[in-house]
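Build the full structure now, drawing on both the sequences and the hints.
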Amino acid sequence: MAPTTQTSTTSTKPIIIFVIGGPGSGKGTICERIKTKYGFTHLSTGDLLRDEVASGSSLGKELNTVMQSGKLVSNQQVLTLLKSAIEKNLSKSKGFLIDGYPREINQAIEFEKQISPCTMVFYFHCSDQVMIERLINRGKTSGRVDDNEETIRKRLQVFHENSDPILEYLKTKLAKIDSNKPVDTVFVAVENVLSKLI
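Mapping the sequence shown onto the working numbering, position 138 (from 1) lands on 138, and the numbers just tick up by one.
Keep in mind the hints are simulated off the structure, nothing from the lab.
Check each hint, because a few of them may be wrong.
DSBU-like cross-link-like pairs, simulated, lysine-lysine; straight-line CA separation at most 30 Å [claimed, not checked]:
{"id": "1", "residue 1": "K37", "residue 2": "K94"}
{"id": "2", "residue 1": "K37", "residue 2": "K171"}
{"id": "3", "residue 1": "K13", "residue 2": "K88"}
Ranges between beta-carbon positions, derived for each pair [unchecked claim]:
{"id": "4", "residue 1": "D178", "residue 2": "S58", "range": "41 to 51 Å"}
{"id": "5", "residue 1": "P182", "residue 2": "S74", "range": "36 to 46 Å"}
{"id": "6", "residue 1": "D184", "residue 2": "T141", "range": "12 to 22 Å"}
{"id": "7", "residue 1": "I198", "residue 2": "K176", "range": "15 to 25 Å"}
{"id": "8", "residue 1": "G28", "residue 2": "P165", "range": "20 to 30 Å"}
{"id": "9", "residue 1": "E62", "residue 2": "I105", "range": "41 to 51 Å"}
{"id": "10", "residue 1": "S142", "residue 2": "N106", "range": "29 to 39 Å"}
{"id": "11", "residue 1": "K113", "residue 2": "D51", "range": "36 to 46 Å"}
{"id": "12", "residue 1": "L90", "residue 2": "T151", "range": "29 to 39 Å"}
{"id": "13", "residue 1": "T151", "residue 2": "S69", "range": "17 to 27 Å"}
{"id": "14", "residue 1": "S74", "residue 2": "T119", "range": "40 to 50 Å"}
{"id": "15", "residue 1": "Q76", "residue 2": "N180", "range": "33 to 43 Å"}
{"id": "16", "residue 1": "K61", "residue 2": "H160", "range": "31 to 41 Å"}
{"id": "17", "residue 1": "K173", "residue 2": "T29", "range": "30 to 40 Å"}
The C-beta atom is built at its ideal place from N, Cα and C for all residues, glycine as well.
What follows is the structure, encoded as structure tokens:
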């Protein structure tokens with residue numbers, strides 16, 4: 001492979017896995033297991049944004065203003081947070097699970113241009129019906145207001161509209177995991193994929 005002219009975060013490229021799955025697909029649970037067993041760093045863009053706002057930094061204040069107004073945070077701001085988190089954890093991490101990003105093709109292109117090429121994409125494929133049932137059950141105990149069926153169906157529609165083009169764009173790096181199954185079975189499938197990568 002020819003050397004690239006892009007600025008890389010390191011001379012040896014880190015293992016970077018984009019994690020894509022609808023709400024209720026179980027991706028968060030599996031990411032935590034990968035993190036624990038393999039020493040990966042789990043980076044959720046939502047958590048990074050909330051942490052930056054809570055830090056009270058100048059960027060955090062800027063992000064808070066944008067988020068309070070109901071607008072979307074710019075892709076460049078998200079990339080800045082991701083790049084910083086990757087650089088901070090590079091020496092102590094076996095790899096990175098990027099959860100909740102990219103949400104559109106341009107984000108994938110910019111991530112690979114500005115940070116590093118992604119090594120693989122885990123797509124946690126799950127039927128809408130299973131995701132709806134899981135989220136409704138979660139809503140009974142979590143009290144989350146967005147865990148009602150009407151809101152869930154809207155979230156799933158948005159997820160499919162946004163993720164289908166990304167999955168097509170990244171299809172050569174795609175590992176499709178059937179997450180309709182119990183979590184232990186899903187994790188075995190993930191381990192089989194990771195064993196070829198690590």
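Evaluation of the provided hints:
1. A threshold of 30 Å between alpha carbons decides the hint, and for K37 with K94 the separation of about 11 Å falls inside it, so the pair holds.
2. The straight-line distance between the Cα atoms of K37 and K171 is roughly 26 Å, inside the 30 Å bound, and the hint therefore holds.
3. Distance hint between K13 and K88 is fulfilled; the C-alpha atoms sit about 15 Å from each other, no more than 30 Å.
4. For the pair D178 and S58, the beta carbons lie near 44 Å from each other, so the given range of 41 to 51 Å is met.
5. Between P182 and S74 the Cβ separation comes to about 39 Å, which falls inside the hinted range of 36 to 46 Å.
6. Range check, D184 to T141: Cβ separation about 21 Å, and the 12 to 22 Å hint holds.
7. For the pair I198 and K176, the beta carbons lie near 19 Å from each other, so the given range of 15 to 25 Å is met.
8. Distance hint check: the CB atoms of G28 and P165 are about 23 Å apart, consistent with the given range 20 to 30 Å.
9. Range check, E62 to I105: about 26 Å between beta-carbon atoms, so the 41 to 51 Å window is missed.
10. The hinted window of 29 to 39 Å between S142 and N106 holds, with their beta carbons roughly 33 Å apart.
11. Judged by the Cβ atoms, the range 36 to 46 Å given for K113 and D51 is violated: they are separated by roughly 25 Å.
12. Separation of L90 from T151 is about 38 Å and conforms to the stated range, judged on CB atoms against 29 to 39 Å.
13. Between T151 and S69, the C-beta spacing of about 21 Å keeps the proposed range 17 to 27 Å intact.
14. Against the hinted window of 40 to 50 Å, the Cβ-Cβ separation of S74 and T119 comes to about 26 Å, which falls outside the hint.
15. Between Q76 and N180 the Cβ separation comes to about 36 Å, which falls inside the hinted range of 33 to 43 Å.
16. For the pair K61 and H160, the supplied restraint of 31 to 41 Å holds, since their beta-carbon distance comes to about 35 Å.
17. Here the CB-CB span from K173 to T29 is close to 23 Å, at odds with the stated 30 to 40 Å.
Consistency with the previously given hints fails for numbers 9, 11, 14, 17, ordered from lowest to highest.
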